[in-house]
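Protein chains: 2
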Amino acid sequence: MKIPNHIGIIPDGNRRWAENNGLNKENGYKCGINPGLFLFKLCHELGIKEITYYGFTTDNTKRPKVQKDAFTQACIDAVNLLSKENAELLVVGNTESPCFPKELLPFTERRVFGKGGIKVNFLVNYGWEWDLNLSRLTHKQRKPIDIALHSEDISRIDLIIRWGGRRRLSGFLPIQSVYSDFYVVDDYWPDFIPQHLYDALDWYSDQDVTLGG
Amino acid sequence: MKIPNHIGIIPDGNRRWAENNGLNKENGYKCGINPGLFLFKLCHELGIKEITYYGFTTDNTKRPKVQKDAFTQACIDAVNLLSKENAELLVVGNTESPCFPKELLPFTERRVFGKGGIKVNFLVNYGWEWDLNLSRLTHKQRKPIDIALHSEDISRIDLIIRWGGRRRLSGFLPIQSVYSDFYVVDDYWPDFIPQHLYDALDWYSDQDVTLGG
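If you read the protein sequences in the order shown, they are chains A and B. For the first sequence, our numbering gives the first residue as 1, with consecutive numbering after it. For the second sequence, our numbering gives the first residue as 1001, with consecutive numbering after it.
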């Protein structure tokens, strides 16, 4: 089986899952934390070299405060849990906004936890316009485009898996995603089971990666 | 039914279609021209305001010359056919490269043909890195990002339809696609039938457009 180097994870459907389970919407996020850790462990076993989780975006922060607080806390908890594993962690997002949780500031430079061995990126208060970051370039700095990105330490993504049935990227790393294969799981993220990942990998195995050639 | 303002068309599978029909790969492209015109007419009837066709990319030009010549000619023929319709045509691509066909230079500023009424964009020798065009910005020109794009006259895309079964954007307008819903048709592009479009629109009708909010 062809294993992708880098998987992007869009863990959508937490609010719909909560409503389906008789909970308030904001209570869905914390039920997405353990699935994230479980998926990390499976990827580690499979030899995947890099994972990027879509935590929350600057657009998401326009939601009601109770939801914003809940998804922010879920991201903090998830990153703290991952820091107890063997992982090379990096949080990427706009730290200059009050929506960025100060608890995650120590993670905004990549750090090795335990034995490392797998890069794990977590997007927190991420915005695609912020990422592209045009204003910091000067005319004299004619550098390749990836140098201009806030997310320059995140590599090209081979496979993006989105839970919750929606078929869109929703601003997820537009540059690293230009050639990504995109797999959608209809189940909501809190209902994650390993078979979702295995099905996505089986499907990816059958894709020919041409990069337009 | 909710009709998208702007549809992106990725007409993939011409070479695979040719091989399945006992032809050389390069003979698939010309069989994609009439489907493109047919789809245009259907979109016009439906009141869709803008269509963008993915012609070919700078990455595609690395393919064998016989294929490159064939897809280039198919794009020239397609644009010439569309110029006989009521349409506001614009060709977007890197005109500074020898891979850009000189026959299409007159279309690189938007022009109204017939009664106009629908914008039609055609990407020819397009490259996402070329489009993002960072080097032309100076530090003093802190403009919104869409001003910096070569494709600045192409609006945000609501729905992208890709034929040929592959589930990736392949560098298609990364900025205009950040929130696009993405629908995949397994059939190859030369086998286009109206039901493909209607199925995509039915599906799109059920999507909630949240833009992250």
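Hints listed in this document are in silico derivations from the structure and should not be mistaken for laboratory results. Idealized CB from N, CA, C, for every residue including glycine. Keep in mind that a hint or two might mislead.
[What the hints assert, rightly or not] The following residues of chain A were derived to be distant from chain B, with all beta-carbon distances above 12 Å: (1) M1; (2) A148; (3) L159; (4) H196; (5) Q207.
[As the list claims (entries may be wrong)] Derived contacts from chain A toward chain B, CB cut-off under 7 Å, selection only: (6) G127; (7) W128; (8) D181.
Hint check results:
1. M1: holds, 18 Å
2. A148: Incorrect as stated: the minimum Cβ-Cβ distance to chain B is 6 Å, not above 12 Å.
3. L159: L159(A) is in fact no farther than 12 Å from some Cβ atom of chain B, at 10 Å.
4. H196: For H196(A), whose nearest Cβ neighbour in chain B is about 16 Å away, the distance exceeds 12 Å, so it holds.
5. Q207: Not fine: 7 Å to the nearest Cβ puts Q207(A) too close to chain B.
6. G127: violated, 9 Å
7. W128: The hint holds - W128(A) has a Cβ within 7 Å of chain B, the shortest such distance being about 5 Å.
8. D181: At about 5 Å, which falls below the 7 Å cut-off, the nearest Cβ of chain B leaves the hint on D181(A) intact, so it holds.
Violated hints, listed in ascending order, are 2, 3, 5, 6; each of the other numbered hints is respected by the structure.
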